[in-house]
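A.B. asks: Protein sequences appear in the order of chains A and B. Residues in the first sequence are numbered from 1 upward in steps of one, following the numbering used here. Residues in the second sequence are numbered from 1001 upward in steps of one, following the numbering used here.
To be clear, the hints were calculated from the coordinates, so they are not data collected in a lab. Watch out, some of these pointers could steer you wrong.
Claimed, not checked - Pair by pair, the computed Cβ-Cβ distance ranges are: (1) Glu16(A) <-> Leu1115(B): 41 to 47 Å; (2) Ser85(A) <-> Tyr1010(B): 19 to 25 Å; (3) Ala17(A) <-> Ile1096(B): 36 to 42 Å; (4) Lys1044(B) <-> Thr71(A): 35 to 41 Å; (5) Lys1083(B) <-> Glu69(A): 39 to 45 Å; (6) Thr111(A) <-> Asp1063(B): 36 to 42 Å; (7) Lys1044(B) <-> Pro40(A): 31 to 37 Å; (8) Gly9(A) <-> Lys1044(B): 48 to 54 Å; (9) Arg1064(B) <-> Lys56(A): 41 to 47 Å; (10) Asn1052(B) <-> Ala17(A): 35 to 41 Å; (11) Lys1062(B) <-> Thr26(A): 25 to 31 Å.
Glycine included, each C-beta is placed from N, C-alpha and C at the ideal position.
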Amino acid sequence: GNSVTQMEGPVTLSEEAFLTINCTYTATGYPSLFWYVQYPGEGLQLLLKATKADDKGSNKGFEATYRKETTSFHLEKGSVQVSDSAVYFCALRSGGTSYGKLTFGQGTILTVHP
Amino acid sequence: EAGVAQSPRYKIIEKRQSVAFWCNPISGHATLYWYQQILGQGPKLLIQFQNNGVVDDSQLPKDRFSAERLKGVDSTLKIQPAKLEDSAVYLCASSIGQNYNNEQFFGPGTRLTVL
Chain A
1 GNSVTQMEGP VTLSEEAFLT INCTYTATGY PSLFWYVQYP GEGLQLLLKA
51 TKADDKGSNK GFEATYRKET TSFHLEKGSV QVSDSAVYFC ALRSGGTSYG
101 KLTFGQGTIL TVHP
Chain B
1001 EAGVAQSPRY KIIEKRQSVA FWCNPISGHA TLYWYQQILG QGPKLLIQFQ
1051 NNGVVDDSQL PKDRFSAERL KGVDSTLKIQ PAKLEDSAVY LCASSIGQNY
1101 NNEQFFGPGT RLTVL
């Protein structure tokens, strides 16, 4: 079955530091890949997505590239801000008979200090 | 555009009691999802509706959990009787369709504590 594995957390950084959150996946077929973000007290929000190999998703300074050869979709940001403090979830979604079900990783807590 | 609404936001009950959660999806969204998010884990799909029909309930513990979406709009998720391990955040999401390219929009969730 489908599965997503995220790097162990939590991650604590100083403002303006470089961020990488690793994500690898196992899936049949050709899934779409997503990063969701959950700010304190709010619901999950889609941060970025990529639907095919070598696609790069980007939003709000965050980027992730769909690497089929390494089955990875690592999240990066060049300079984090305090407002980026949140929980980040990597997820995949495949077609076929799964009816578009999202499969999530366990989440990575990011805390950014001034 | 109004987002996905859920109520209540918080609920505390004792084990063996029953509880119900309500979700109102984004207007016009045919597909509705209920996820369970246990602390420290990612959300896990419990049930997916397409209009008022169930598409996937393979991970719903049917001996105690039930869900309905009678008119293809609002949905309720019920737990009866609750167990300690049901303590979690219950997330409702909706999408315009069930195609895997249709974005899912999430509500704020209901945090359930079972004592």
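A.B. asks: Work down the list of hints and note, for each, if the structure agrees.
C.D. replies: Consistency of the hints with the structure:
no., hint, verdict
1, Glu16(A) <-> Leu1115(B): 41 to 47 Å, "holds, 44 Å"
2, Ser85(A) <-> Tyr1010(B): 19 to 25 Å, "holds, 22 Å"
3, Ala17(A) <-> Ile1096(B): 36 to 42 Å, "holds, 38 Å"
4, Lys1044(B) <-> Thr71(A): 35 to 41 Å, "violated, 21 Å"
5, Lys1083(B) <-> Glu69(A): 39 to 45 Å, "holds, 43 Å"
6, Thr111(A) <-> Asp1063(B): 36 to 42 Å, "holds, 39 Å"
7, Lys1044(B) <-> Pro40(A): 31 to 37 Å, "violated, 21 Å"
8, Gly9(A) <-> Lys1044(B): 48 to 54 Å, "violated, 19 Å"
9, Arg1064(B) <-> Lys56(A): 41 to 47 Å, "holds, 44 Å"
10, Asn1052(B) <-> Ala17(A): 35 to 41 Å, "violated, 49 Å"
11, Lys1062(B) <-> Thr26(A): 25 to 31 Å, "holds, 27 Å"
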